[in-house]
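K.L.:
If you read the protein sequences in the order shown, they are chains B and S. Residues in the first sequence are numbered consecutively from 26, following the working numbering. Residues in the second sequence are numbered consecutively from 26, following the working numbering.
Hints are supplied without guarantee of correctness; some may be wrong.
All copies of an identical chain are treated as equivalent in the list; a pair is satisfied when it fits inside any one copy or across any two copies.
[Said to hold, decoys possible] As a list, the in silico BS3-like pairs of lysine-lysine whose alpha-carbon atoms are at most 27 angstroms apart: (1) Lys184 to Lys273; (2) Lys215 to Lys320; (3) Lys184 to Lys212; (4) Lys273 to Lys320; (5) Lys117 to Lys72; (6) Lys66 to Lys286; (7) Lys286 to Lys104; (8) Lys74 to Lys184; (9) Lys117 to Lys37; (10) Lys66 to Lys217; (11) Lys273 to Lys104; (12) Lys272 to Lys184; (13) Lys320 to Lys117; (14) Lys286 to Lys72; (15) Lys66 to Lys320; (16) Lys104 to Lys272; (17) Lys217 to Lys272; (18) Lys117 to Lys217.
If you're looking for bench data, these hints aren't it; they were derived computationally from the structure. These numbers were taken from a predicted model, which means no experiment stands behind them.
So the chains spell out like this:
Number of protein chains: 2
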Amino acid sequence: MRIGAVEAGGTKFVCGIGNEFGSIEERISFPTEQPDVTLPKVIDFFKDKQVEAIGIGTFGPINIDRSSDQYGHVTTTPKPGWSGFDFLGTMKRAIDVPYGWDTDVNAAAYGESMWGAAQNLDSCVYYTIGTGIGAGVLAEGRLVHGLVHPEAGHIMVRKHPDDTFEGFCPYHGDCLEGVAAGPAIEKRWKQKAYELPEDHPAWQMEAYYISQAVISAILMLSPKKIILGGGVMKQQQLFPLIHEEVKKGLNGYVGADAVVKHIDQYIVPPGLGDNAGLCGALALGLAALSEHRDK
Amino acid sequence: MRIGAVEAGGTKFVCGIGNEFGSIEERISFPTEQPDVTLPKVIDFFKDKQVEAIGIGTFGPINIDRSSDQYGHVTTTPKPGWSGFDFLGTMKRAIDVPYGWDTDVNAAAYGESMWGAAQNLDSCVYYTIGTGIGAGVLAEGRLVHGLVHPEAGHIMVRKHPDDTFEGFCPYHGDCLEGVAAGPAIEKRWKQKAYELPEDHPAWQMEAYYISQAVISAILMLSPKKIILGGGVMKQQQLFPLIHEEVKKGLNGYVGADAVVKHIDQYIVPPGLGDNAGLCGALALGLAALSEHRDK
Numbered sequence: 026m027r028i029g030a031v032e033a034g035g036t037k038f039v040c041g042i043g044n045e046f047g048s049i050e051e052r053i054s055f056p057t058e059q060p061d062v063t064l065p066k067v068i069d070f071f072k073d074k075q076v077e078a079i080g081i082g083t084f085g086p087i088n089i090d091r092s093s094d095q096y097g098h099v100t101t102t103p104k105p106g107w108s109g110f111d112f113l114g115t116m117k118r119a120i121d122v123p124y125g126w127d128t129d130v131n132a133a134a135y136g137e138s139m140w141g142a143a144q145n146l147d148s149c150v151y152y153t154i155g156t157g158i159g160a161g162v163l164a165e166g167r168l169v170h171g172l173v174h175p176e177a178g179h180i181m182v183r184k185h186p187d188d189t190f191e192g193f194c195p196y197h198g199d200c201l202e203g204v205a206a207g208p209a210i211e212k213r214w215k216q217k218a219y220e221l222p223e224d225h226p227a228w229q230m231e232a233y234y235i236s237q238a239v240i241s242a243i244l245m246l247s248p249k250k251i252i253l254g255g256g257v258m259k260q261q262q263l264f265p266l267i268h269e270e271v272k273k274g275l276n277g278y279v280g281a282d283a284v285v286k287h288i289d290q291y292i293v294p295p296g297l298g299d300n301a302g303l304c305g306a307l308a309l310g311l312a313a314l315s316e317h318r319d320k
Numbered sequence: 026m027r028i029g030a031v032e033a034g035g036t037k038f039v040c041g042i043g044n045e046f047g048s049i050e051e052r053i054s055f056p057t058e059q060p061d062v063t064l065p066k067v068i069d070f071f072k073d074k075q076v077e078a079i080g081i082g083t084f085g086p087i088n089i090d091r092s093s094d095q096y097g098h099v100t101t102t103p104k105p106g107w108s109g110f111d112f113l114g115t116m117k118r119a120i121d122v123p124y125g126w127d128t129d130v131n132a133a134a135y136g137e138s139m140w141g142a143a144q145n146l147d148s149c150v151y152y153t154i155g156t157g158i159g160a161g162v163l164a165e166g167r168l169v170h171g172l173v174h175p176e177a178g179h180i181m182v183r184k185h186p187d188d189t190f191e192g193f194c195p196y197h198g199d200c201l202e203g204v205a206a207g208p209a210i211e212k213r214w215k216q217k218a219y220e221l222p223e224d225h226p227a228w229q230m231e232a233y234y235i236s237q238a239v240i241s242a243i244l245m246l247s248p249k250k251i252i253l254g255g256g257v258m259k260q261q262q263l264f265p266l267i268h269e270e271v272k273k274g275l276n277g278y279v280g281a282d283a284v285v286k287h288i289d290q291y292i293v294p295p296g297l298g299d300n301a302g303l304c305g306a307l308a309l310g311l312a313a314l315s316e317h318r319d320k
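Given the sequences, and given the hints that come with them, work out the whole structure.
P.N.:
Pasting the structure below:
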């Protein structure tokens with residue numbers, strides 16, 4: 026099989042060709058500019074590649090309501106040119122194959138459930154913690170949508186007692202993203218996050234905030250695996266700190282072995298590493314093809 | 026059709042016989058005692074009723090993992106006699122029909138999606154706010170389970186600036202349940218909740234806490250309807266206060282019309298009123314019968 030995959034991120038696009046085993050055979054990457062610059066590059070890449078379907082996992086928010094005439098559009102984003110842009114329609118008009126369409130984080134959750142850390146599981150939550158914070162949710166074998174899609178990066182958190190940073194979220198100030206995304210770390214400590222030493226108190230504070238996201242996921246969804254990806258999570262020292270904070274926060278209330286005995290195997294980095302997003306888009310493409318054939 | 030329904034609550038059991046249209050034809054109710062007193066009453070009620078299936082929506086936590094040899098058991102509860110009790114097995118041995126088995130709140134969410142406030146919707150969250158706080162979750166047309174089931178009553182909340190009550194949750198102190206369930210209101214204000222006048226500041230504080238639960242649900246799950254039931258929500262004056270607090274908390278971030286324009290139709294009381302739990306159990310029974318027939 027030859028399936029196209031588009032990982033449409035806020036700063037860069039990655040396009041690839043993959044197969045049903047989750048392996049990516051060819052890829053290209055370029056910075057995210059205005060859609061009239063970026064989309065032609067995507068279309069050029071796939072034009073002569075004979076793909077059977079294309080999956081798109083994209084930054085959002087996006088319209089995922091198939092009954093809407095805005096289905097496939099990017100909705101409200103401050104990113105110049107993208108607000109209201111008909112992303113999916115533009116692709117369809119250029120390359121006529123079945124399309125999968127979802128958020129980048131839902132795609133990553135799906136990819137991880139096919140070939141990564143949540144393989145063979147029917148539920149997981151995938152958080153990306155980087156420039157922003159978002160989450161994809163797989164529950165009962167399906168990617169979760171509703172009114173819109175999860176926007177779990179903006180949950181309210183309890184402020185760390187030592188934190189005097191007011192938060193940088195333009196909507197909520199000190200929501201999770203406002204105090205725990207990469208820019209928050211840099212603004213708070215006045216230093217690039219990746220330059221802070223491993224034993225810097227920044228990481229304990231970061232773990233405190235991320236643990237609140239994880240605890241919310243456990244209590245609201247009871248997922249079988251929680252995957253933490255994104256730039257900030259390259260700091261491997263965060264994992265044991267988060268494990269400790271989650272156990273402390275739940276305080277024995279959730280008695281499942283996964284939490285009590287094997288938390289280091291429950292809250293984990295992406296099994297697909299930096300390929301989580303692209304493989305996720307590939308998985309969306311595969312699902313679209315299979316849905317198309319069932320019709 | 027004749028389907029049995031069991032709403033197993035912490036303080037009382039309700040058993041009923043209903044049909045595929047969600048109407049309950051006959052019912053009985055008695056206090057929840059030890060299982061060896063209570064279950065015989067349930068079994069007696071159904072014994073000669075010729076039901077085709079029985080649905081059970083019960084207080085928890087419970088084992089809902091069909092591959093487990095503890096499936097159908099109540100797990101860890103302080104309720105005398107119930108911890109580890111094989112609820113479903115005891116029923117099955119006495120009356121051999123297909124059984125639906127889930128939490129009381131998942132049942133209520135399901136019932137509301139069949140015949141109540143979330144009719145024809147494939148997602149909703151049902152909160153019960155009473156002696157305790159719990160939530161049932163329907164997403165993508167399915168009741169959500171995972172490691173266990175949602176335990177959304179115990180999410181961390183931000184303390185109201187005027188609240189000096191330390192919370193009563195034995196696990197977390199001032200989690201949502203610890204500060205917003207009925208007993209918290211009574212302990213904080215030293216008065217029965219239902220005796221507090223409608224314009225008492227207790228209700229503004231309560232709305233502040235419940236809005237945090239609702240905001241978490243919106244951001245984590247994006248449900249198409251949020252239903253607030255349980256004893257505390259009999260205080261109808263809470264709804265407009267909650268609507269206001271949710272809008273304030275989200276601050277325009279979720280632009281969906283349901284939130285921005287029609288929040289009074291989005292966050293609502295149970296359409297089935299006090300029958301939400303029993304109708305939910307009925308819906309579980311119907312689903313079990315249909316699953317059995319498909320085999």
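K.L.:
Now, for every hint given, state plainly whether the structure supports it.
P.N.:
Here's how the hints hold up against the structure:
no., hint, in the structure
1, Lys184 to Lys273, "both (16 angstroms within a copy, 19 angstroms between copies)"
2, Lys215 to Lys320, "neither (55 angstroms within a copy, 62 angstroms between copies)"
3, Lys184 to Lys212, "both (16 angstroms within a copy, 26 angstroms between copies)"
4, Lys273 to Lys320, "neither (49 angstroms within a copy, 44 angstroms between copies)"
5, Lys117 to Lys72, "within (12 angstroms within a copy, 60 angstroms between copies)"
6, Lys66 to Lys286, "neither (48 angstroms within a copy, 39 angstroms between copies)"
7, Lys286 to Lys104, "between (44 angstroms within a copy, 25 angstroms between copies)"
8, Lys74 to Lys184, "neither (50 angstroms within a copy, 56 angstroms between copies)"
9, Lys117 to Lys37, "within (21 angstroms within a copy, 57 angstroms between copies)"
10, Lys66 to Lys217, "neither (32 angstroms within a copy, 66 angstroms between copies)"
11, Lys273 to Lys104, "between (39 angstroms within a copy, 25 angstroms between copies)"
12, Lys272 to Lys184, "both (18 angstroms within a copy, 21 angstroms between copies)"
13, Lys320 to Lys117, "within (19 angstroms within a copy, 40 angstroms between copies)"
14, Lys286 to Lys72, "neither (50 angstroms within a copy, 43 angstroms between copies)"
15, Lys66 to Lys320, "neither (31 angstroms within a copy, 50 angstroms between copies)"
16, Lys104 to Lys272, "between (38 angstroms within a copy, 24 angstroms between copies)"
17, Lys217 to Lys272, "neither (29 angstroms within a copy, 34 angstroms between copies)"
18, Lys117 to Lys217, "neither (40 angstroms within a copy, 61 angstroms between copies)"
Hint compliance for this structure: hints 2, 4, 6, 8, 10, 14, 15, 17 and 18 are not met, and every other hint is.
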